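4 protein chains.
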Amino acid sequence: MTNGQYQSVIEALHECMAACNQCYDACLKEKDVHMMAECIRLDRECADICAYFEQAISRGTPFISELAKVCSIICEACGNECKKHDHEHCQKCADACLKCAEACKSLVA
Amino acid sequence: MTNGQYQSVIEALHECMAACNQCYDACLKEKDVHMMAECIRLDRECADICAYFEQAISRGTPFISELAKVCSIICEACGNECKKHDHEHCQKCADACLKCAEACKSLVA
Amino acid sequence: MTNGQYQSVIEALHECMAACNQCYDACLKEKDVHMMAECIRLDRECADICAYFEQAISRGTPFISELAKVCSIICEACGNECKKHDHEHCQKCADACLKCAEACKSLVA
Amino acid sequence: MTNGQYQSVIEALHECMAACNQCYDACLKEKDVHMMAECIRLDRECADICAYFEQAISRGTPFISELAKVCSIICEACGNECKKHDHEHCQKCADACLKCAEACKSLVA
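Chains as they are written, first to last, in my numbering: chain F, 301 to 409; chain P, 301 to 409; chain V, 301 to 409; chain L, 301 to 409.
Any given hint could be a false lead.
Because identical chains share one entry, a pair is satisfied inside a single copy or across any pair of copies.
Said to hold, decoys possible - Taking lysine-lysine pairs in the DSS-like style, the calculated list, with each CA pair at most 30 Å apart, reads:
(1) Lys331 / Lys405
(2) Lys405 / Lys383
(3) Lys384 / Lys369
(4) Lys369 / Lys331
(5) Lys405 / Lys329
(6) Lys331 / Lys392
(7) Lys384 / Lys399
(8) Lys383 / Lys399
Think of the hints as simulated: they come from the structure by calculation, not from any bench. Since we're looking at a predicted model, the values are computed, not measured.
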């Protein structure tokens, strides 16, 4: 297998990581930070696992399926939380997370 | 739940991360690096997931069980590879990995 | 050089990472999250660089001095922010950060 | 400042991370692994710091200049090591590293 075969997942992971970190950064600047606490928390969890998994794919990890599974679960949880909030950064993040969750699921054996 | 409840797992993860990285470093200095290639690869996979999971526990991640599962799988694979090699760093690493795999399994829901 | 020579720094990094993540987790649960936004942000920055540097030391990185320098700067910034807040987790985190900053400075060439 | 302002650096970091991990993976499969030991080691250092810095930029880290400096040093060291080897993956990696080193230098205050 080559990195090329994973290109669409790598892109989804990368967009999700960036969207989660931008949402995290923006949430910390919102006036209603208290309402955004769970969003901030899940944004970090999701950004970190997406960054992790993307690196792991790029170095030819033998654990694609196992990492894809946990990543899909975390992306889905973050996407569902972000969906609840009307901020544009949250909605954009929800889209990236749920798209990434689907991409990851396609790699689960 | 508190960090205290996870203390023994945190210690196992930390020892495993350190042992894997020391084994990785030592393998790269061995004369028979070619024979150690799979060990080097798995040492990195295992050190990275243990470091990741330890941080995740310490920040109160909601994904303990999911991360514990993938971590136990990677620790077991690394431990089994290390066991094959007579170098002291490999044997020491195998012990740390297999002990950590068990600790992680105890957290899988 | 051996890992043993870095033992006290490794311990300081590890305690700092844990304290920052516990402070981050606790800040997200505070009623005055808005006041804690900068603390949350710096806790993550500091936990991440400490975890990173600890792993790098354990794998024999050739970049000890360079990483120690950036780590000391981030620890100091996080410690100074935490010091401003009366919460016990912030005060505990400030201590761990400032101790770690000193430990890192001792490694800067 | 916005993520947009950092777009070219983010792309350079991302390409460098991917190239380093692909080089690392390929080096571990080479017959002359022993000759590649330093390349394997630096590929990991460089991939890890690039992935780290990219994430840090995307979450609005206040430590752009400090992280850019250490990243440029590690990228340059990895690029110079890779340049010594004729393997296509090493030459490709050298290019990505040296390009990324320049991009990082542009962010050093």
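We went through each hint and held it up to the structure:
Proximity of Lys331 and Lys405 under a CA criterion of 30 Å is satisfied in neither setting, with 35 Å inside one chain copy and 35 Å between copies. Taking CA atoms no more than 30 Å apart as the test, Lys405 paired with Lys383 passes inside one copy only; the shortest distance there is 20 Å, against 33 Å between copies. Proximity of Lys384 to Lys369 under the C-alpha cut-off of 30 Å is found in both arrangements, the shortest distances being 24 Å within a copy and 29 Å between copies. For the homomeric pair Lys369 and Lys331, neither the shortest alpha-carbon distance inside one copy (35 Å) nor that between copies (34 Å) is at most 30 Å.
Only between protomers do Lys405 and Lys329 lie at most 30 Å apart by alpha-carbon distance; the minimum there is 29 Å, versus 33 Å within a single protomer. Taking CA atoms no more than 30 Å apart as the test, Lys331 paired with Lys392 passes in both settings, with 19 Å inside one copy and 27 Å between copies. Taking the shortest Cα distances, Lys384 and Lys399 sit within 30 Å of each other inside one copy (17 Å), while across copies they are farther apart (41 Å). For the identical chains of this complex, Lys383 and Lys399 are intra-copy neighbours only, at 13 Å inside a copy versus 38 Å across copies, given an alpha-carbon limit of 30 Å.
Hint check: violations occur at hints 1 and 4; the rest are consistent with the structure.
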